[in-house]
Amino acid sequence: MKQAITKAQIAAEIGSHFGTVFQYDEQPQPEFLSTGLALFDQVTSRGLPRGAITEIWGSQSSGRISVMLSALAYAAGNAEVCALVDVNDCFDLQCANTARIQFERLLWVRCSKSIERAFKAIDLLLQSRGFGLIVLNLADVRPTYLRRIVSSWWFRFRLAVENTPTVLVVISSVACVRSSAALVIEMKYEDTHWRQALTGNNINQGLESESCHLSLVKSATKTPLQQSASAPSYSHLFEGINIRIKREKPVFNPTELENIPAFAILDNIR
Amino acid sequence: MAIFGCIYEQSVLSGKPAKGKSLLDLAFTFSPLIEQTSADTVVLNVEGQELLYGAALTDAKAAVTEIQCANNVVSAIERCAARMRLKINVAISANPDVAIHAARALKGMTIIPPGEEFAKLGTLPLTTIDYELIGIEKNRGEEIHDTLASWGVRTFSDFGKLSVTAIAQRLGQEGVRLHELVHGRTQRHLRLIEVPVSFEQKLELEHSLTELEPLAFILSRLLNQLCASLSSQALAANEVRLRMRLADRSEHTRTISLPIPIRNPKTLLRLLLLDIESKPPQSPISAVTISAEPAKPRMLQNGLFIPLTPEPEKLEVTLARLSKLVGAENVGSPELLNTHRPDAFRMKKFSIAAARQSVSSNPQSENCSSNCVVGFKRFRPPVHVEMQTVHGQPVRIKKQTGSIDTPISGRVMFVSGPWRSSGDWWRSDVWARDEWDIAVANSNSQSDDVLCRIYRDLTIDEWFIEGVYD
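Here the protein sequences line up with chains Z and H, keeping their order.
Last residue of the first sequence: 270 (this note's numbering), numbering continuous.
Last residue of the second sequence: 470 (this note's numbering), numbering continuous.
Heads up, a few of these hints could be off.
To be verified - Facing chain Z, from chain H, some residues (calculated, C-beta under 10 Å):
#: 1; residue: Phe28
#: 2; residue: Pro32
#: 3; residue: Leu304
#: 4; residue: Leu308
#: 5; residue: Gly327
#: 6; residue: Ser333
#: 7; residue: Pro334
#: 8; residue: Val374
#: 9; residue: Asp448
#: 10; residue: Glu462
#: 11; residue: Phe464
Quick caveat, the hints were computed from the structure, so don't treat them as lab data.
Each residue gets a CB set at the ideal place from its N, CA and C atoms; glycine is no exception.
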C-alpha cells in the first residue's frame, strides 16, 4: 500500500514532464459482447467480456441453452463469426432457427461425447483467432467428469483468449472453470407457465410478480399473455419458464447490487 | 534493334506428333515472345540473348556482334530441332515479315543483316508473297499477282525496282504496302500467343516411401515450385490434386477444393498432410504428382468497422484439423432441410466467404430484448424410456437405456399435450408421433424439476425422451 502511494505521489509530481509514461501499466477498458437479453446484460454489467472466459452453470431446465442461443443469435447478427463446440451433440437446429441464428456464421463442431476432443477443438479455434464468440457446451456432461478437468486446460484457454476480441463461454452443470473465469453466472430453474387449456396436473398456478424477470418465449413476436389467448397449437404446449440469474463472479459492489435484477422468466417457443 | 527469327517446318518426319505443337515447343525453348503465323511457321523475338548465345568465354574481350549471336541462336535451334526430329528452315532478320519469307523460300539457315533485306529476297518469285501479312485478302492478292504478271513483274527484285508513286497510282495503298514488304520496311508487332503454363509438379522416387515425414519434405519442395509458378503468373490455386503412384502399381488420388484461392505453400502443405493422415495410401509411394487448378487470387478490402473474422488460410487449416479430430461429417455449418421430419438437417462446409456474404438481418441484433426463446437440448439419438400412463397420459417415466449422461426418470409433475404429427407416409421410413411437454420430478437429482419433451412413436408404440428444455 505504501509503495502504491509512493508511486502515485511520484507520478503526480513529475508526471506532467513525461506525458503518458505512467499510464502504460493501466489495463485497457474491457470490451463486452451483448447477449441480446437486456436483463441478462444488466446482471453481467454490460454483457459477456471479450478476451476472457465466461462460465454459465446451472441445473437442467435452468435456461443455460436459452442464453447461449440468444448470445449466438446476437453475435451472428452483428457480423461476428461464431463457433459452437458441442460435446454431447445436443444443439437443436429448430430451436436455433427460431432464435434466428444465422447458420452461415456458425461453425458447429460435434464431439461425439468426447470431452478431450472438445477441448482440443476449442484450443484449435482459439489459436486460429478471429472468432467473435466460441461456446463450449458441457451442459450434459456429468458433474463428476467436469470436476476432473485439470485446471491447466482452463489456464491455457485463458491465456489463448487473452488480448483477443473473442468471447469464450462455457456452459456446464457445475462451476468448473474455477479461477480462470472472468465472469461466472449461476442459473436456476424456478417454475413453469403452463397452458391452462392443456393442463392435466398443474402443480404451480401462475407466477409471482418479481421485480425483474427474464422471459424466454416460444414465439419471438408474441408475449406469453398473447399466446395464452390464442388457440392451442403445436408451438405452445407450455408458455414459459421462470428462472433465476445470479452473478457469482465478479462479486457485486454494494451500490451495484441495488440495481441488479434477481429473477427472470423464460417463455416457451417451438 | 529487335531481332526476329522465323522457323518454318518443311515436312513431317516419322514418329513425330501433330504438326505445330512441336514447333511451338521448339520456339518456346528459345523465347517467350512467339507468334504463330501459320501451322508450319512461327516467329520468335530473339532479342537480348547475347549472354546465352553470344561469344564464348575465351572470346570475352572480342566484340559480340548481333550477327554472331544470331548465328549461335540459329545453330542452337537447328540442334534442338534435330533432337525433336523436326526438319526446319530458320531465318533471322530485323524484320519479321522478311524472316518469314526467307524461312519459307530459302532452305537451311539464313541470316539477313539489316539493310540487306531487298538483296536477299530479290531473287524470290512473287508467288511466295504472303499477302495476309500486310492485310490484303487472298482474292485481292491473286488479282494483284495477275496484274503484276501481266506487267512482266516476276520477282521481288522486279517489283522493288518500280516507282512507289507509280504503284500507288495503279494499285493504291495495297501496292505501297507490298512495295514496303519487298524492301523489308514494314513495321508491325508480333501477335503474341500466351505461354502454355502447366501447374503440375512431378517427382519419381528412387525408393518407395512408407512414412509421412519424408513425404512431407517432397511435398514441400513440389509445392514451393508450384506456388512459385503460380505467383509468376499472378495466380493462386483453388483446387489441389495429389496423385501418388503406389508400389503395387495402383494410384492414390486426393483432391482438396479450397473455398478461396491460396498460393501459400505452407498452408497447402498442412492441408495435404492432414488429408493424407485422414486417408493414408495402402502401400508405399513410388511417385508423387501435384497439380493445381489456377484461379485469380482473392482481393478483399475489410471495413474498419466490421468485426474481425478468421483469416481464410488459417481457417482452412483449422477446419482440416478439426475434421481430422472429430470427423469431417461433424464439422461445418448446419442447414435445416425443407421437411417437417424432426431433427432433419445436414452439414455444409463452413466457408468464411459465405459468412461474410450473409446479410445481418437479425432483429435481435438491433435491440436487446427482455424476452428470449426457450432453448432445447436434443438427445441424439432419442432416449428410449419405459412410460407408465393413466388414461393415456404419462404419469411416470423410467429410463430404459443409458444413452445420455444425465438420466431422467421419476414422477411426472405436470403434463401438457399431446400433439400428434406424422409425415413421409409414402416412404419406408414413415414417422408418426404424439408429443408431450412434461415436468419431471427428477429422482436422481434432489434439486429441480426437469422440463422435457417426450413422444410416443406410433409406428412402433414406444416412448422416447426427445430432449430437455433448457
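Against the structure, the hints come out as follows:
1. Phe28: It is violated, given that the least Cβ distance between Phe28(H) and chain Z is near 43 Å, above 10 Å.
2. Pro32: violated, 41 Å
3. Leu304: Cβ of Leu304(H) sits 13 Å from chain Z, so the hint is violated.
4. Leu308: It holds, given that the least Cβ distance between Leu308(H) and chain Z is near 5 Å, below 10 Å.
5. Gly327: Nearest chain Z Cβ about 8 Å off; hint holds.
6. Ser333: holds, 6 Å
7. Pro334: holds, 5 Å
8. Val374: For Val374(H), the interface hint holds, since the closest Cβ of chain Z sits about 4 Å away, which is under 10 Å.
9. Asp448: Check passed: Cβ of Asp448(H) comes within 4 Å of chain Z, closer than 10 Å.
10. Glu462: violated, 21 Å
11. Phe464: Hint violated; Phe464(H) Cβ to chain Z Cβ min 15 Å, cut 10 Å.
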